[in-house]
Amino acid sequence: MTDTTTHMTNSSADVVNSSSLRERIEEPFMRGGQIALLVLLALVFFLPVAGTLLTAIRTIPDITQNGSWALPLSYEWSNLSLAFMKMLPYLKASAIITLPSVAGTLLVSMMAGYALSRMRFEGRIWMFLVIVSLSFVPVHTQLIPVFKLMSDLGLHDTFWAQIIVHIMRQIPFAVLIMTNFFNTVPGELREAGRIDGASEWTIFQRIYVPVARPALSALIVLEFTWIWNDLLWGLVLTQGAGKKPVTVGILAFQGEYEIAWNMVASGAVIAAIPTLIVFLAFQKHFIRGMTMGSVKG
Amino acid sequence: MNARLTPWLFLMPAIVIYGIFGAYPIFQTFAISLTDQVGVAAPGKFVGLQNYAALLHDDYFLNSLKHTGIWVIAFLLVPNTLAISIALLVKQTFWGASLIKTVFFLPLALSFAIVGVIWGWIYEPDVGLLDQLLIGLGLDGLIVEWLGPDAANYSVIAAAAWRQTAFATVIFLAGLSAIPQELLEAAKVDGGTRRQIFFRITLPLLKPASTIAVSSALIQALLATEIVLTMTEGGPFGSSEVVGYRMYMETFWNYKFGYGASIGVIVTLMTAAFVVPYVRRMAKAQERDWS
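Line by line, the protein sequences are chains A and B.
Okay, so the first sequence: first residue is 349 according to the numbering used here, each after it adds one.
Okay, so the second sequence: first residue is 45 according to the numbering used here, each after it adds one.
So here's chain A without its partners, still in its complex pose (with noise of 0.2 Å):
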């Protein structure tokens, strides 16, 4: 009993040593190779975005002359700057059909995931597997009836429709962000709001609205993004230039400058602009959210 003991001990000991020396002599080589591969990596992934940034502040004759990945003979910050003159209206839209379409998310989802979570009625899990279902509807099953919807409700070009339908989209992905999040807080919150004689409404404002801030945090920085880069919707909800939303505007611009590279370049960045500031700015939110949900792209 005794020796067996012993003899184990000593392999153990063994298998730790070797595996120290294995450490001490492979592992910074193992290391520092993945390192070098992931920044190979990372340098490849980063490529595309690299060569637009550099090809919109370079002149075409350059670009032909040097080849696309030359550096500027000359900065041409012009290019950025006509880009975003010409797209001005086009992200003015965005905004208008943005921020409402988020605050409306956000609200409606809200009052939905606070209900889902925190109270018992019938139907419950039936209308949480609803709205998840739901989340994951294309949108080919809604646009021909939807456009034709909004034209009977004269709605078509006009903000409100894409506003609406930007609302509609968003809320099952939303409610269950929101049911999850307000599954997590302490149901004694509530009960001690009732105990105080305070109604559903007050308890729901009051209490689990500023609770909810590091969710909705995430929520806003995700549906702000989703709903901006949203293209499909822009083009059938549309006709006027005055309505279309800065996805639709670049291609009519890209439609316009065709082989001027450092133009379509330009205006590529200029349109990727606001959510590129979104999401370096709040990544973390955006990350959390990603992770919470995680049922989207």
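The hints are simulated quantities; they were obtained by calculation from the structure and are not laboratory data.
Warning: the hint list may mix true and false statements.
Keeping only pairs whose Cα atoms sit at most 20 Å apart, straight-line, the calculated EDC-like set for lysine to aspartate or glutamate is [said to hold, decoys possible]: (1) A:Lys496 to B:Asp80; (2) B:Lys135 to A:Glu375; (3) B:Lys300 to A:Asp500; (4) B:Lys135 to B:Glu226; (5) B:Lys232 to A:Glu375.
Derived contacts from chain B toward chain A, CB cut-off under 7 Å, selection only [unchecked claim]: (6) Pro57; (7) Val60; (8) Ile61; (9) Tyr62; (10) Gly63; (11) Gly66; (12) Thr73; (13) Phe148; (14) Leu154; (15) Val161; (16) Val171; (17) Val319; (18) Gln330.
Note that the coordinates shown come from a computational prediction; the quantities given were computed from them, not determined experimentally.
Virtual Cβ for every residue (Gly too), placed ideally from N, Cα, C.
Chain B: place on chain A using the hints.
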């Protein structure tokens, strides 16, 4: 307030908005798909399943279906494998790791419209960023006509995969950091090799993350419309058309609303087939939580 009514009052705004502008349209699409409606003005006449029968003989549609199949296979494999590798590498903390993460996450902030425009320039013959890069590296032999009839579908997929990889990396990184470090240490002490640890411990524990990454890849591949629209408009000669784009074209370009609706229904049924198991799993989990 009536206690039984209260939950429904809180749910009402969501139900009303989704009901009118989301749910009712879903049923209407099914109904329209059974008619020969052209344009938006007048309703068509009932033709039963004729649109669906016609789809079976529509070469444009069958062609797009084939391309969507390629999308699905490529999307399941490429972004997810890449993302697992990236996530495993990024997980080691070192100076600059957060910058590296930002680089991999960045495409998530870009719309498909932008991705389409950027990659259109990347694939441009001769002066484009890709051809110029390959020439610079002395790999001219690899150059093909990226957006030509033979390669266009794959090139569009590659552009979309760039963005999907970013998404999957986020998911797998979250999955990895949920694995208890002690578990991996213990396996190491017990003499497990890297390979064994990865396949026997890490990968099985990544199952929840994988479910999400895989279902997202499936849905994105089945629905791909916007990026095709911005990069190739399905061309050249329909070589990059996919079912979602076909639906958009038949409806809003050819004004065949009935026919377009039938493609919309098919896209939805394909999505449902993949999504139902996922929804079921979620339902069970929630039921456990709430009971």
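Broken hints, by number: 7, 10
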